[in-house]
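Enquirer: Spelled out from the first residue to the last, the chains are:
6 protein chains.
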Amino acid sequence: MSAKTVVQVINPNTSLAMTETIGAAARAVAGPATEILAVCPAQGVPSIEGHFDEAIATLGVLEHIKAGREQGVSGHVIACFGDPGLLAARELAQGPVIGIAEAAMHMATMVSTRFSIVTTLPRTVIIARHLLQRYGFEHYCAALHAIDLPVLALEDGSGLAQEKVRAGCIQAKRQDGSGAIVLGCGGMATLASELTLELGIPVIDGVGAAVKMVESLVALGLSTSKHGDLDYPVRKTLSGQFAGLLPD
Amino acid sequence: MSAKTVVQVINPNTSLAMTETIGAAARAVAGPATEILAVCPAQGVPSIEGHFDEAIATLGVLEHIKAGREQGVSGHVIACFGDPGLLAARELAQGPVIGIAEAAMHMATMVSTRFSIVTTLPRTVIIARHLLQRYGFEHYCAALHAIDLPVLALEDGSGLAQEKVRAGCIQAKRQDGSGAIVLGCGGMATLASELTLELGIPVIDGVGAAVKMVESLVALGLSTSKHGDLDYPVRKTLSGQFAGLLPD
Amino acid sequence: MSAKTVVQVINPNTSLAMTETIGAAARAVAGPATEILAVCPAQGVPSIEGHFDEAIATLGVLEHIKAGREQGVSGHVIACFGDPGLLAARELAQGPVIGIAEAAMHMATMVSTRFSIVTTLPRTVIIARHLLQRYGFEHYCAALHAIDLPVLALEDGSGLAQEKVRAGCIQAKRQDGSGAIVLGCGGMATLASELTLELGIPVIDGVGAAVKMVESLVALGLSTSKHGDLDYPVRKTLSGQFAGLLPD
Amino acid sequence: MSAKTVVQVINPNTSLAMTETIGAAARAVAGPATEILAVCPAQGVPSIEGHFDEAIATLGVLEHIKAGREQGVSGHVIACFGDPGLLAARELAQGPVIGIAEAAMHMATMVSTRFSIVTTLPRTVIIARHLLQRYGFEHYCAALHAIDLPVLALEDGSGLAQEKVRAGCIQAKRQDGSGAIVLGCGGMATLASELTLELGIPVIDGVGAAVKMVESLVALGLSTSKHGDLDYPVRKTLSGQFAGLLPD
Amino acid sequence: MSAKTVVQVINPNTSLAMTETIGAAARAVAGPATEILAVCPAQGVPSIEGHFDEAIATLGVLEHIKAGREQGVSGHVIACFGDPGLLAARELAQGPVIGIAEAAMHMATMVSTRFSIVTTLPRTVIIARHLLQRYGFEHYCAALHAIDLPVLALEDGSGLAQEKVRAGCIQAKRQDGSGAIVLGCGGMATLASELTLELGIPVIDGVGAAVKMVESLVALGLSTSKHGDLDYPVRKTLSGQFAGLLPD
Amino acid sequence: MSAKTVVQVINPNTSLAMTETIGAAARAVAGPATEILAVCPAQGVPSIEGHFDEAIATLGVLEHIKAGREQGVSGHVIACFGDPGLLAARELAQGPVIGIAEAAMHMATMVSTRFSIVTTLPRTVIIARHLLQRYGFEHYCAALHAIDLPVLALEDGSGLAQEKVRAGCIQAKRQDGSGAIVLGCGGMATLASELTLELGIPVIDGVGAAVKMVESLVALGLSTSKHGDLDYPVRKTLSGQFAGLLPD
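So the protein sequences, as listed, match chains A, B, C, D, E and F.
Taking my numbering, I'd label the letters of the first sequence as residues 1 to 248.
Taking my numbering, I'd label the letters of the second sequence as residues 1 to 248.
Taking my numbering, I'd label the letters of the third sequence as residues 1 to 248.
Taking my numbering, I'd label the letters of the fourth sequence as residues 1 to 248.
Taking my numbering, I'd label the letters of the fifth sequence as residues 1 to 248.
Taking my numbering, I'd label the letters of the sixth sequence as residues 1 to 248.
None of these hints come from the bench; they were simulated from the model.
Among these hints, one or two may not hold up.
One copy or two, either will do: identical chains are not told apart, so a pair holds if it fits within one copy or between any two.
To be verified - In the DSSO-like style, the derived pairs of lysine-lysine whose C-alpha atoms are separated by at most 27 angstroms in a straight line are:
# : residue 1 : residue 2
1 : K236      : K164
2 : K226      : K164
3 : K226      : K236
4 : K4        : K164
5 : K66       : K4
6 : K66       : K164
7 : K236      : K4
Only a predicted model underlies this, so the values are computations on that prediction, with no experimental measurement involved.
Using the sequences plus the hints, can you model the full thing?
Expert: So this is what it looks like as structure tokens:
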């Protein structure tokens, strides 16, 4: 591992445009000694809008975790708001692995007493709900909103989805009594800072939040615990298409 | 779909021996009009002992869900105690999909006020804990025990693992004040009825429980809701090895 | 106990009409080897719409549990949505005892991520809330609705209550984002299958669900645990009208 | 209702000896303007050690609630640690109704950060657990202990049960890190003040606590809400042995 | 300590007018053998409408706790709805210490199944939410309402704030399906009894509730546990303005 | 605010030795562009070992928050494991405010599935418990341990306390099945990195964690929300010793 902190930012879907958006958001906040490697799977789903999509995307995440570990990256970010494959990735990785939903939610609890989430399709709301339950943040979430557009609308160049996100944030601020808003999709990453300024409340993008969290853990000398639950996967022969997933 | 109820029992690991064990347990309790199709992935992990293993196994589960749906099976059982891929499978399936952890835990709450879980490796305990939280059953679980042997020890023919399971159940009954015990691995399925008799308390195998749950839902005309969260996956082009996962 | 599975379905109120409705719903889903014994107390309350009514009805439930046990029935269903006397009945019974709220709620969590409940009078909502808390299903329930008609309106032959239930279900589907609906009264049992078809989502009746759950437990050789909390009542001399409640 | 505050203390079991114990404990703490009416059912169970016993005892409680209401008592105490029939009694009563488990648990949270419970038979522990969940006090309870003697051992004159309670309290103080102890049976009521002195921590008897709570509510002009959930039972014809339970 | 029960009622803000309001409310419900000492800090905040205000007010509360203890009062009431400094006060005090939010919430759960809270400024709602969580009463609270007027509007003589409280209570009764209302500010204390009469449901003031709770604990011989968590503060040299806070 | 990130690290007790320990730990992990200002109150408590101590220390924290804000610091750390005055400080501050318990607990959930806490006196455990509840991390904490030495034993130069912390961590790793350990006192800050190496699991110090969290929030342009609950304190005249606490 070099003197630089190398943060591998994995977009779990196959959209190159979104990978660029995410990489740009990561670089915008990364420290001067941090290098961002933004990657996405060669095979998989073009966008993630449900549990089925997540299951497929998880394989691509794991392939990149393995590759990143072999390259000696300092840590990993899973840049999809459902944090797909988070615990599997932690088993496989040597360094820290942070999901963007996780990072954004954690930070939201530190700058507000209650926050709202603005996401894409209504069916992704249940994924956020389950993460709130798992992470312990149900009490901190005032409401969840869906703009009812698919994820890739954020990359269609029309600006419509961005406008709907903005409208959703304004409405959330007004209705929910929330002090902060969490953006519920990696593709919204570049909107956070301008919305923070416009709305006058923290509007939190998980990509940036997760990059800072990885940098922080690395600086503190903390990494994924290899004692017990998150130890490296038990070595066994993986067959077929999965044969290469475990490092030698 | 024929007049028969066809229950596809998917062993998510690639062990043919365990698939037979599971199939036998399923057939032992299936109704006279039920046909059991016990299957396992051609590729994947030989046993499931962590989140990484689960992530891989989920792909095999989904391939079989798709195949089963095309064959017109009545419903599906995911026969690994972590219920890997459960919500993804529900999106993909037309019929009901039941996990064996889920089925066993639900039934345990109906025959006792508190139950214990006996599982294989200590690192699988966290998976059971998370399921208890997700399903709402934390209050019902008095304790979790691990016999500290790998899953495939249940198939090595020595009987050692079976004896350790038996000892674990006896100890759990004595120590925990539990009224029932849930067996925490599909490979333990055939032990349930004799342990129920020997211990004089319900010792619950999820494979049998899940088969009966699928039969019940089918008989009631109930299937996975396709309204909202568990609707069929949004149609999109899957690439590479995943291309065939969505039905036409 | 005969080769047949005999399920005693106890309507805890004294309404013969509702007992017939419930018995019919039970028979409609029972397996070919199952015999349904639909009974109701000779004395008690004509309908159950509060905790006071439940307390009285519980005595009738227990009398029938005792009688059923002496007749050698395979298991028991308590066919009132508050599951009155459930744990007391489990102590007294040898076989499994299932409440219809319990059964319907459990099944709803297996075919949807969140469900709604449609019940009768607003004051019965608190009973359902407490059951959701006890059973661990608060996170699964999106909303509770009351049609604001008494229970016996379901038996007045006018069809008004049935129409209000239907309207309540349609509204719940539209408003709550729920994937399934649980019918909150035994008297609604016969509506489930047609509403399931009309609405295109699972509309779940607890009577049928509970019958299948008893059949399942019996087939699995599982019964109420007699170790610890649900052991037979401590033998003591019951006085007065209660003298006959304990088996010899 | 007279100028005096009349508190009806209902021992739900039929033991006259225990009713006297309870009445004495109530009188020992009652205010100068309070009259204690200690009553028990003519018919029912001699002691309450499970859900079945509770179900029967509830009928006796309701008969006395009705009688008390007709006599114009100011409020009611249900003097059994499972608070049997509490919500049913609240529906039937005009004045406040307080359970002794409820009262003791509430008070314990106000003089300590965590408390222990010492009760009689192990099988009654589950009842206390369920009350802790219902009342919201799970976080306040450090541990539950059973002396493993039946309730009526407290009235056998040998002092053995009392000595076991004392030993249980001493052990709980030492092991659990609790600041207070709740006595888990109405029959232990007279032990509280001496154990409080001996142990140097609050040892709380629910009978006394409930009497003071009723006095307090009466003095504040607060009574059971008759708006909504706890309104008087819906008027309907009760049949048979239950015919007289509703006031005219 | 005299034969009288002396209850020190500490208004944590510096408003003499509100201290009189609170003292009057306390005296109106105190028993004949109870003396009320209503006090407020000489220095601090004129009203408490946030966490910062609470932090300052806590110092004044502690000074009075110390003084009260030295005077030999029987117990203490903290008469601000956020219960500021409650656990610190319990450490410092010898007698019981009760917060008015605590007392009102506890009593509300005993006369209703669910209650609403009506408070002053919207930003105080989060304080009540946190108390509901701490005390275990989240399930009992149907809704929180703010009249959007500052605390001292209750003392401006115009009656506007009182009218808004009344309107808020009426609206809460209609909308929330609650059986009782908790007044969320010590300055509303004198409104409770008339609103109880007008609305026909328990409208609960914490000042009165807390006074009765202290009287009850004193009568029962129960005081703040000095074993463990709430033991007297570890003796150490306090410097500067805090030097006098610990008793000799 | 300068181009540098200035993090004010407030030791809430008056111990200069501990302030130096804490400052050193902060500087050891701070980024190259970060300046650490380690301060402690001139007046207050020499160590914090209970709620009373926390209440006093909170005033000192607030004075420093005000001063830091006037100096234009970028953000603040409250370097006592109880996070005393956290929400009050957030109201008063313009920048982010992070408590060290909060920071350590959050980070622990990202590198392990469950963690243990090792703290000083047993009576401080309840403070950690309440924080776990407030922050939503109860499910993540396997156990809490106290070394049973006062806070200042960490500064007595003997090394005894440090050795007991080490022993406590080793025991926690062995017994609790935890993947990480959180050090429960600011005075333990400098032990984290060597224990992390020795034990081979993340041993987390909140001081370093909080510094990185403040740096991260500043880099992301996120600060304490001033919309709603955490808005600046309502302006009012503070009297006496508190007069200077609000900025002009």
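Enquirer: So, for every hint listed, does it hold in this structure?
Expert: Going down the list of hints, with the structure as the test:
no., hint, in the structure
1, K236 x K164, "between (48 angstroms within a copy, 23 angstroms between copies)"
2, K226 x K164, "between (43 angstroms within a copy, 24 angstroms between copies)"
3, K226 x K236, "within (18 angstroms within a copy, 37 angstroms between copies)"
4, K4 x K164, "neither (38 angstroms within a copy, 36 angstroms between copies)"
5, K66 x K4, "within (20 angstroms within a copy, 37 angstroms between copies)"
6, K66 x K164, "neither (37 angstroms within a copy, 35 angstroms between copies)"
7, K236 x K4, "neither (34 angstroms within a copy, 39 angstroms between copies)"
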